[in-house]
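Chains as they are written, first to last, in our numbering: chain A, 1 to 798; chain B, 1 to 169.
Just so you know, not all the hints are guaranteed correct.
[Stated by the list, open to error] Covered stretches of chain B (in silico footprint by chain A; criterion: 3 or more residues with CB under 8 Å from a CB of chain A, positions within the stretch not fixed):
1) 21-31
2) 136-144
3) 151-157
Rather than coming from a laboratory, the hints here were simulated on the basis of the structure. By construction, the Cβ of each residue, glycine as well, lies at the ideal position given by its N, Cα and C atoms.
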Amino acid sequence: MTETVHRAVDEIKIGGVGASRRRVEDDRFIRGRGTYTEDIVLPGMLYMEILRSPVAHARIKSIDASKAWDIPGVRLVLTGEMAAQRNLAWMPTLSYDTQAVLATDKVRFQGQEVACVVADNPYIAKDGCEAIVVEYEQLPAIVNPLQALAPDAPIIRDDKEGQHDNVCYQWEVGDKEATERAFAQADVVSKLKLHYPRSHPSPIECCGSVADYNSATGKLTVYMTTQAPHIIRAAVALVAELPENMIRIVSPDIGGGFGNKVPVYPGYVCSILCSILLGKPVKWIEDKSGNLISTGFARDMYFDGELALRRDGRILGVRFHADTDQGAFFSDAQPSKFKIGLVHSAFACYDIPVGHITARGAYTNKAPGGVAYRCSFRVTEAMFFQERLIAAAAADLGMDPAEFRRVNLVRDDDFPHRTPFGFLTDSGQYEKCLNIGLDAIDYKQFLLDKEAARARGRRLGIGISTMTEPLGAGNSREYDILGIKMFDSAELRVHPTGKAILRTGAKSQGQGHETTWAQIVSHELGIPAEDVTVEEGDTDTAPFGMGTYASRSTPVAGAAVSMVARKIRAKARKLAAHLLEVSEEDVEWELGRFSVRGAPQRSVSIQECAMAAYGNMPDGMEPGLENNAYYDPPNLTWPFACYIATVEVDPETGVWDVLRTVAVDDCGVRINPMIVEGQIMGGLTEAYAMSSMQFITFDEQGNCVGSNYMDYLLPTAWETPGFELHEVVTPCPHHPIGAKGVGECAAVGGPAAFVNAVMDALSDTGVRNIDMPLLPDRVWEALTERRDVSGAPPVRSE
Amino acid sequence: MTGYLREIRPETITERRVTLTVNGEQRTVEIEPRVLLAHLLRAGLGLTGTHIGCDTTNCGACTVLVDGKPIKSCTMLAVQADGHQVTTVEGMASASELHPVQEGFRQEHGLQCGFCTPGMMLSAMALLERNPDPTEEEVRWALSGNLCRCTGYQNIVKAVLWAAAKLRS
Chain A
1 MTETVHRAVD EIKIGGVGAS RRRVEDDRFI RGRGTYTEDI VLPGMLYMEI LRSPVAHARI
61 KSIDASKAWD IPGVRLVLTG EMAAQRNLAW MPTLSYDTQA VLATDKVRFQ GQEVACVVAD
121 NPYIAKDGCE AIVVEYEQLP AIVNPLQALA PDAPIIRDDK EGQHDNVCYQ WEVGDKEATE
181 RAFAQADVVS KLKLHYPRSH PSPIECCGSV ADYNSATGKL TVYMTTQAPH IIRAAVALVA
241 ELPENMIRIV SPDIGGGFGN KVPVYPGYVC SILCSILLGK PVKWIEDKSG NLISTGFARD
301 MYFDGELALR RDGRILGVRF HADTDQGAFF SDAQPSKFKI GLVHSAFACY DIPVGHITAR
361 GAYTNKAPGG VAYRCSFRVT EAMFFQERLI AAAAADLGMD PAEFRRVNLV RDDDFPHRTP
421 FGFLTDSGQY EKCLNIGLDA IDYKQFLLDK EAARARGRRL GIGISTMTEP LGAGNSREYD
481 ILGIKMFDSA ELRVHPTGKA ILRTGAKSQG QGHETTWAQI VSHELGIPAE DVTVEEGDTD
541 TAPFGMGTYA SRSTPVAGAA VSMVARKIRA KARKLAAHLL EVSEEDVEWE LGRFSVRGAP
601 QRSVSIQECA MAAYGNMPDG MEPGLENNAY YDPPNLTWPF ACYIATVEVD PETGVWDVLR
661 TVAVDDCGVR INPMIVEGQI MGGLTEAYAM SSMQFITFDE QGNCVGSNYM DYLLPTAWET
721 PGFELHEVVT PCPHHPIGAK GVGECAAVGG PAAFVNAVMD ALSDTGVRNI DMPLLPDRVW
781 EALTERRDVS GAPPVRSE
Chain B
1 MTGYLREIRP ETITERRVTL TVNGEQRTVE IEPRVLLAHL LRAGLGLTGT HIGCDTTNCG
61 ACTVLVDGKP IKSCTMLAVQ ADGHQVTTVE GMASASELHP VQEGFRQEHG LQCGFCTPGM
121 MLSAMALLER NPDPTEEEVR WALSGNLCRC TGYQNIVKAV LWAAAKLRS
């Protein structure tokens, strides 16, 4: 106990909420001292390489591995037939489908895993793969869902009993009849069809694992690139039939995830099986081509929809159909009730009375698709279609697109607001965000400049995108993966000297959890952030959680951090009352310190309470100061964003340049503004990438066009435009500190701003749509031929 | 044939002796000619700060300096580095002090997942060696051989300009 009056703790100074605290993680990364999966070396470790199918659809007639076995240093050649003997040739996916681990009957996409070789070093393992002779009998390949769903299409998933077509799922939501009535009353109906191209999240680090089965103890330890270690542990227990307590999944530093590192991949399973068979650690590190052609793709979705409009600009109803190309296996992780993710969050920011959505998934001869690439389960596609259709509708009505949005955006006093598809949005200042964006870009002046430029033959354009999206899956009533509810967790241990260690069920891949979680503890307890160590990713030590994707860390795990810290504070209050010799009701809390009501000079710090928890607790109190919290959010969080881009299109070449990009993000309370802005700029870059260059397509034989970084274009510092960021803060009403998700917002809402801007520059041509990416040749074709340009595969192979 | 020599058929030679200087320290190793410099640094010398991203010289995660010039070590054979000076991220900081480029990356939040960071910083270091006062455009051009998927580059550019200012002062 201290008898002097203490100055209040300055939360920013101790690195609490609101501090742009420099990142803890950086100390090791800038020295090259991170530990990524590829950096892990275990004694006696062997190296695995995967042989992949060169063709997209074929029956396997024979596999001759004898020459591979003859190479000195080759320790094991594993084929599907051998895996089948262990009941491991197939595995269940996170979406109630099955996926081949190693092909036994057919290969169903180019790059599919056919065999693997384990050797003394990776070079010999590659030699082994080259020595395997596989005889294929080629079958016709399908690379487009409309081809796949045609009546005479060959059945891709003939392994599945009762599968007589290529339909993967069908789904429907909304009120069909009421929507039909709304369309019957419409003055104008605006229609749009588009394809959101297939893309690969493509973190710079590829996938990989180091499996270490200890035959003496029976314990399996797997170091791997996973965004969701606990889900993987459960999946491995089910697939490999090992007891869950004998499986330890460790997710070390991850070189970017973006959704690519959520699914369970055959390579992980093979490395585990090889380690069990050989009794030695087995390392598998994918090369870039392997990563780009075989692991979780995203998007690849075909929209056809319409808005029912009143002449004055009000939207009366919306309906659309979506076809998704799932590839050969439905292996992306969607919440089990929502086969097409949260696509029905489309149009959530607009006040629309009714709507109806139908959706269908198709199997094709492409790698498994549909992962949530910087995205909450298909919301990226939903918001893109929404904002493209909104722009088209404004044009059809002859209305200014900003004004058209203003007329239809949900008003501030309208919350909570039920969307036509059943979501409950709870907070936001939509019009304020739009106004800030318009002011920042100097909207009126730009329209004048645009007109003046047109008179001189130059084509300028402006594109707006406004959206709210559901982040932070989820609440346990509605969201689960494989039956496990989508809560998250945190465990906090405060040591006797008032330092602490925090563990959560999330897993950072660059988001900076080691920095920001400590800031939340600091905010709740007044312990300086630098005194709080954060650990994640080891299932032996971290509490059970669903991992990091879909911008759910801060909404769910971050909330759990707050809640566990509050439990600690409640116990510390009892300790303080004991130390101050007053009743608990007479103890008052200010950040970092308890004092006696009416006598603030009598106080104890949180650190003194911590010491008392181990050395001077009251009679009957359990010693120690640690706890955990499992947080089941009452709702999703609903950040809002307004992105505005201006561009100039060169009519001679179809090349377009970004002039300015303005982003207004309302993600509620910002824990670390510096990190939030970093997330937004990263998302804007992916948005620019999607709209301008980044896509993967296929020729009619099913060859992946974009299987390496020479063909799959990602923007560099040279192409990437500069970004101007603005903020609005509407706290989330149900999150303990008022935060909302943010990691993906700009990648979700951004693409439509760039595309709408280019389309605006072409507004006099009658062109309604150019599919992303807006490559110069596509823009040029639209401009010169005055027609829409589709980007759907197959592309011509010559 | 003098009798002092024993002729060997070239195809039977599996290893080559390579001597190179890595972060100021001379190292001599025997390796297969097909081994890439990135693999020698990582697996052979345990310098795992050099990352491998794409195998095709596009992403730049494996960038190291060879005689002061940024080189993609995933497409350079280790034997080609014989007799040369190699600098990796582990050689940037002194025992007591970070290189200003490293400090700039931390100050300006120029990294998120950290995977591209070593290569990015080495490219930046090479730029500042030859151009101590670059414009934003010059920084963007100099880093255009290094991909980052997290940051959107804006803070990386700021980090390099921060380091340039620090180095000049």
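Tested hints:
1. Taking a C-beta to C-beta cut-off of 8 Å, the segment 21-31 of chain B contributes 0 residues in contact with chain A, too few for the three needed, and the coverage statement is violated.
2. As drawn, the segment 136-144 of chain B meets chain A at 5 residues by the rule of a beta-carbon pair under 8 Å; at three or more, the given contact holds.
3. As drawn, the segment 151-157 of chain B meets chain A at 7 residues by the rule of a beta-carbon pair under 8 Å; at three or more, the given contact holds.
This entry does not satisfy hint 1, going by the numbered hints stated previously; all others are met.
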